[in-house]
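Build the full structure now, drawing on both the sequences and the hints.
First to last, the sequence lines map onto chains Z and B. Under this note's numbering, read the first sequence as residues 1 to 500, first letter to last. Under this note's numbering, read the second sequence as residues 501 to 572, first letter to last.
These aren't lab readings, by the way, just hints derived from the structure by calculation. What you are looking at is a predicted structure, and each value in this text was computed from that prediction instead of being measured. Heads up, some of the hints might be wrong.
[To be verified] With the C-beta cut set under 7 Å, the calculated list includes, among others, these residues of chain Z facing chain B:
no.	residue
1	Tyr176
2	Ala177
3	Asp219
4	His238
5	Ser239
6	Glu242
7	Tyr259
8	Ala454
9	Gly455
10	Gly456
11	Lys466
12	Asn467
13	Ala468
14	Ile470
Ideal Cβ placement from N, Cα and C applies to all residues, glycine included.
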Amino acid sequence: MNKIPPLLAALLFFLASSFPGPAAAEPVDLTVLHINDFHGNLLPRPGKEGKPATGGMARIAKMVAEERAKNPGGTLLLSAGDMFQGTPISNLFRGKPVIEAMNRMGFDAMTVGNHEFDWGMEAFDDLRQAAAFPFLSANIVDGQGALLPGVKPYILVRKKGLKIAVIGITTPETHYATKPGNLRGYRVIAVEKVLPALIAKVRQEGAGTVIVLSHMGLDEDRETASKVGGIDLIVGGHSHTEVKTAVAVGSTIIVQAGYYGQHLGVLKIAVDSASGKIVRQPERRILRKVQSGPADPVDEGVAAIVRKYDDQIREEFGRTVGETRVDLAKRPFESNLGNLVCDAMREATGADAAIQNNGGIRTAIPKGKITLEQVYMLLPFDNNLMTLELTGAQIAEILEHNAKTEGMLQVSGLKVMYDMTAPEGSRVKELTIGGKPAERSRTYRVTTNDFLAAGGDRFGMFREGKNAVIGDNVRDAFLDYLRKHSPVSPRTEGRIVVTP
Amino acid sequence: MSADKMTVYVNGNAVELHRGMKVKHALIACDQSLYDAAEAGELAVRDAGGFTVGLEGSLRDGAKLYTSKPDE
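Next comes the structure, spelled out in structure tokens:
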């Protein structure tokens, strides 16, 4: 065989490398629209001090439509989870208004957040089935490794000829950040154990760009990006972070759009059509404030959905949810209303005792029928139950502090006798739990609310408790109790006795 | 640090919290007046990267939070 002379070979190489081959493909412009941690905020939030209202799904829907019009065929709309729980308009209808609005807006996918399980697995399933878009979570599995029924680990979507993978992941905190038992039979696997194989799989299936739709929190997303290769974009949630300029970790971009629909995430990227890699991010500003003033246009279809449910709220609030045979009132130290609230809290968790602060109980309720509106006025804060392990000595310390506050705590499951003539720190003279004298070193399960559990009102002793588990909203526990026990007739019965 | 607790830092002050607690709990634990001011919109809470975070935002062990006047 004749060999090509070296000089000629060099010339041929120079010519080949000097002239372009077939024209290189132009990058494809994509727009990724996203929200996260919406928590049922369908209605705009009134502005403070004369400022215009912000948020509201009808306004977000209009902004989405405007962005889509700028990039038809190249726009994705994603939710990074925690969409439903949090406001009366969503809670009273178990998230249905949010799903209806999302269906109308044409979401491409939603990842499953921890709060998606707040109303139990049946309500979660109802929402999933009502959704016209897929629920994603690749890391919630049962004992056999099967995913939640109907939940997909990922989807492949085609935009402008690009094949894009969207993989959903959920925070492992879900185990203790939702009511115990709501996720029974399932576990949440660490993402680094799941993602590498999934990324390889979607690449084999032809995906160019890989998006992880994460309900993990920004710090965790940074960690994921540093540990797991092959992710082009993480669209995040859970930490409620307003990521105003994209975070870059290696070749991965991370974004997150705050909370409550106050911002719409608008990420514009140019993607290499051959590799799927993000080659350019033309706009640095990636969050759009959702201004909902009178002159800001809304999507009329979504506005009609919101209005339909908002009109029903008035009717729902007037609904009778229970009855009391006695006037319910609160006062320092023991009160019949405080006893009732604490009994409801204790029954909800099966704890040994329950403790609630008077500040969380806002009104009195007269004898007669009790409406939903009265319960909302009674317990207006979105406090959650929190059950902790505390020793008898720690409970006594909490009750000693209560004496200093002139009786801001209400209790159930325990009885305490104070001698107010004794020096501060030694006023608890008798303490029984479950009808027996409290043992100082014994561990008791005590339910309180998350405000006190964080040390609110200077009750820092609650933070010394162990193995805290979050539960229902206090109001929901109270409503459940009323449903089961009405008519109620609570009385003061010597749970907190103060002498002289 | 036990697995059921985490330590976060508010304006440089360490506070120990139950796992799963949120930004609002860190403020309450550190100084309840910070929480009251943030709830009233008089203070913004930012993370170590300078991004504003909501009061219901999740936290992880070692997180750093800072309070300051909100942007106009």
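Each hint tested on the structure:
no.	hint	verdict
1	Tyr176	5 Å, holds
2	Ala177	4 Å, holds
3	Asp219	5 Å, holds
4	His238	5 Å, holds
5	Ser239	5 Å, holds
6	Glu242	4 Å, holds
7	Tyr259	4 Å, holds
8	Ala454	4 Å, holds
9	Gly455	5 Å, holds
10	Gly456	5 Å, holds
11	Lys466	6 Å, holds
12	Asn467	5 Å, holds
13	Ala468	4 Å, holds
14	Ile470	6 Å, holds
In summary, this structure violates none of the numbered hints.
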